[in-house]
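Order-wise, the sequence lines are chains A and B.
So for the first sequence, this note's numbering puts the first residue at 1; every next one is plus one.
So for the second sequence, this note's numbering puts the first residue at 1; every next one is plus one.
Hints in this document: simulated from the structure, not taken from any laboratory.
Just to be clear, a hint being listed does not mean it is correct.
Unchecked claim - With a cut-off of at most 35 Å between alpha-carbon atoms, the simulated DSBU-like pairs for lysine-lysine come out as follows: (1) A/Lys113 x B/Lys9; (2) A/Lys101 x B/Lys19; (3) A/Lys68 x B/Lys9; (4) A/Lys68 x B/Lys18; (5) A/Lys61 x A/Lys49; (6) A/Lys68 x B/Lys36; (7) B/Lys40 x A/Lys68; (8) B/Lys22 x A/Lys68; (9) A/Lys113 x B/Lys36; (10) B/Lys18 x A/Lys61; (11) B/Lys38 x A/Lys113; (12) A/Lys68 x B/Lys19; (13) B/Lys19 x A/Lys113; (14) A/Lys61 x B/Lys22; (15) B/Lys22 x A/Lys49; (16) B/Lys41 x A/Lys49; (17) A/Lys61 x B/Lys36; (18) A/Lys49 x B/Lys53; (19) A/Lys113 x B/Lys18; (20) A/Lys113 x B/Lys53; (21) B/Lys19 x B/Lys41; (22) A/Lys113 x B/Lys40; (23) B/Lys18 x A/Lys49; (24) B/Lys18 x A/Lys101.
Each chain, letter by letter, is given below.
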Amino acid sequence: AQSVTQPDIHITVSEGASLELRCNYSYGATPYLFWYVQSPGQGLQLLLKYFSGDTLVQGIKGFEAEFKRSQSSFNLRKPSVHWSDAAEYFCAVGYSGNTGKLIFGQGTTLQVKP
Amino acid sequence: DTEVTQTPKHLVMGMTNKKSLKCEQHMGHRAMYWYKQKAKKPPELMFVYSYEKLSINESVPSRFSPECPNSSLLNLHLHALQPEDSALYLCASSQDIAGRETQYFGPGTRLLVL
């Protein structure tokens, strides 16, 4: 069965430090991959997505992610974290069939220390 | 414009009340979704509408009744809810239900059932 794993439940980084959030997926075909961010009490905002082509994708707010098929991973990175990046981050995989279903990881809570 | 709006922002209701949540998008999307999200958890899919027809019902209790009056509007009618139904209810929309399509989320309705 398809699944998405975010191994880190909670991550704390200092402001200005680099960030990497991990995401691993289990899926037979080429996946459609998404990273969303959710601030407390808010909806989910798309950071970036990958379907095909260049495996390094750029997103909003200075985020990027790299698709590595050999490792079934789609890790999210940011070179320098800002206090406003503190939020919940969800990795998600879309089915290739026409169902509209997204499989979400359990999420990673990012805390930013001043 | 990639905005999905939801009303109300907050809702408190008793277990015998009837209320409705509303969602609207003007992006020309033909797929709309209801999700339920508990604190510190990923969103759980409840319903999917595709071209105004119910496409997926994820075995949601009948006290939740979705309605799609037209391609821009999605309602969720609530009746005889239980305290465990307290959660953030998110609406989303996408071009269609293909797995590659980005789902755009609204800010959610925070529901408290007393």
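Hints versus structure:
no. : hint               : result
1   : A/Lys113 x B/Lys9  : holds, 30 Å
2   : A/Lys101 x B/Lys19 : holds, 27 Å
3   : A/Lys68 x B/Lys9   : violated, 39 Å
4   : A/Lys68 x B/Lys18  : violated, 48 Å
5   : A/Lys61 x A/Lys49  : holds, 14 Å
6   : A/Lys68 x B/Lys36  : holds, 31 Å
7   : B/Lys40 x A/Lys68  : holds, 27 Å
8   : B/Lys22 x A/Lys68  : violated, 40 Å
9   : A/Lys113 x B/Lys36 : holds, 31 Å
10  : B/Lys18 x A/Lys61  : violated, 41 Å
11  : B/Lys38 x A/Lys113 : holds, 26 Å
12  : A/Lys68 x B/Lys19  : violated, 46 Å
13  : B/Lys19 x A/Lys113 : violated, 41 Å
14  : A/Lys61 x B/Lys22  : holds, 30 Å
15  : B/Lys22 x A/Lys49  : holds, 28 Å
16  : B/Lys41 x A/Lys49  : holds, 21 Å
17  : A/Lys61 x B/Lys36  : holds, 27 Å
18  : A/Lys49 x B/Lys53  : holds, 27 Å
19  : A/Lys113 x B/Lys18 : violated, 44 Å
20  : A/Lys113 x B/Lys53 : violated, 47 Å
21  : B/Lys19 x B/Lys41  : holds, 25 Å
22  : A/Lys113 x B/Lys40 : holds, 20 Å
23  : B/Lys18 x A/Lys49  : violated, 39 Å
24  : B/Lys18 x A/Lys101 : holds, 28 Å
Hint violations for this structure: numbers 3, 4, 8, 10, 12, 13, 19, 20 and 23, all remaining hints satisfied.
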